[in-house]
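Just so you know, the sequences run in chain order A and B.
58 is the number that the working numbering gives to position 58 of the first sequence; each next residue is one higher, with no gaps.
So the mapping is simple: the working numbering equals the position in the second sequence, first residue as 1, plus 115.
Treat the hints as calculated values from the structure; they're not laboratory data.
Keep in mind it's a predicted model, so treat the numbers as computed, not measured.
For each residue, glycine too, the CB sits at the ideal point set by N, CA and C.
Honestly, I wouldn't trust all of these hints.
Okay, the calculated bits of chain A under chain B, using three or more residues with CB under 8 Å as the criterion [unchecked claim]:
no. : segment
1   : 55 to 62
2   : 104 to 115
Every beta carbon over 12 Å from chain B, so not counted as near; a handful from chain A, in silico [to be verified]:
no. : residue
3   : Asp1
4   : Thr15
5   : Gly16
6   : Leu81
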Amino acid sequence: DSGVTQTPKHLITATGQRVTLRCSPRSGDLSVYWYQQSLDQGLQFLIQYYNGEERAKGNILERFSAQQFPDLHSELNLSSLELGDSALYFCASSVQAGGPVDTQYFGPGTRLTVL
Amino acid sequence: AQSVTQLGSHVSVSEGALVLLRCNYSSSVPPYLFWYVQYPNQGLQLLLKYTTGATLVKGINGFEAEFKKSETSFHLTKPSAHMSDAAEYFCAVRPSGGYNKLIFGAGTRLAVHP
Numbered sequence: 001d002s003g004v005t006q007t008p009k010h011l012i013t014a015t016g017q018r019v020t021l022r023c024s025p026r027s028g029d030l031s032v033y034w035y036q037q038s039l040d041q042g043l044q045f046l047i048q049y050y051n052g053e054e055r056a057k058g059n060i061l062e063r064f065s066a067q068q069f070p071d072l073h074s075e076l077n078l079s080s081l082e083l084g085d086s087a088l089y090f091c092a093s094s095v096q097a098g099g100p101v102d103t104q105y106f107g108p109g110t111r112l113t114v115l
Numbered sequence: 116a117q118s119v120t121q122l123g124s125h126v127s128v129s130e131g132a133l134v135l136l137r138c139n140y141s142s143s144v145p146p147y148l149f150w151y152v153q154y155p156n157q158g159l160q161l162l163l164k165y166t167t168g169a170t171l172v173k174g175i176n177g178f179e180a181e182f183k184k185s186e187t188s189f190h191l192t193k194p195s196a197h198m199s200d201a202a203e204y205f206c207a208v209r210p211s212g213g214y215n216k217l218i219f220g221a222g223t224r225l226a227v228h229p
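Bound-form chain A, shown alone (with noise of 0.2 Å):
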């Protein structure tokens, strides 16, 4: 177990839908990561949060977008859902915002499913 948790487990929705995933860091990590893994574009980094900013942006298309809260969870919205935009989605956290000993520990994952 990580310490990092996100819920739900599991997301099955309609493709037009808007959802959120929510996840909590470890205690005492100021960053927060959100990853999207599929078949057929594998694990590939979205967004990271540091301390309630966001700090750095990947491949994370316009309808979706995250913010991370005072008491540090974060929720990635995806809108405006497609089919393939069913995949694992992972949340990460580490304690800092970088850095040579800054590792990032990731939590269970949420399976989306769009129909």
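Chain A is already provided as a structure; the job is to place chain B on it using the hints.
Quick look at chain B alone, frame taken from chain A:
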């Protein structure tokens, strides 16, 4: 742009045999390097990492990896495979400066047979 190549999407070994999973990276400067393991229906677990210092890195569950700058490689090895090692293994790089994002390879699925 940095990238990671894992040679072999599937590797099969016998129980007790040597495990060798290959990872090569492309980067203008040596990055930080990681191996993660993903068991079925689970998240990613850190096996080991290289940042600076000793190039032979020991991780959990008897795995180790060696950073070879001249070959831009970071291959993962384990002397004797166990049935419980069956999983998917991901090599990842992180730029040594700048952003903290991980760039993952495509993964190698390890099968261990009796």
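We went through each hint and held it up to the structure:
1. As drawn, the segment 55 to 62 of chain A meets chain B at 3 residues by the rule of a beta-carbon pair under 8 Å; at three or more, the given contact holds.
2. Closer than 8 Å: that is the beta-carbon criterion, and the segment 104 to 115 of chain A has 6 residues meeting it against chain B, so the requirement of 3 holds.
3. Not every beta carbon of chain B lies more than 12 Å from that of Asp1(A), the smallest distance being close to 10 Å; the non-interface claim is violated.
4. A cut-off of 12 Å between C-beta atoms confirms that Thr15(A) is not in contact with chain B; the least separation is 25 Å.
5. Chain B leaves Gly16(A) outside its interface by the beta-carbon criterion, the shortest separation being 28 Å against a cut-off of 12 Å.
6. Non-interface call for Leu81(A) relative to chain B: holds, since the shortest CB-CB distance, roughly 22 Å, exceeds 12 Å.
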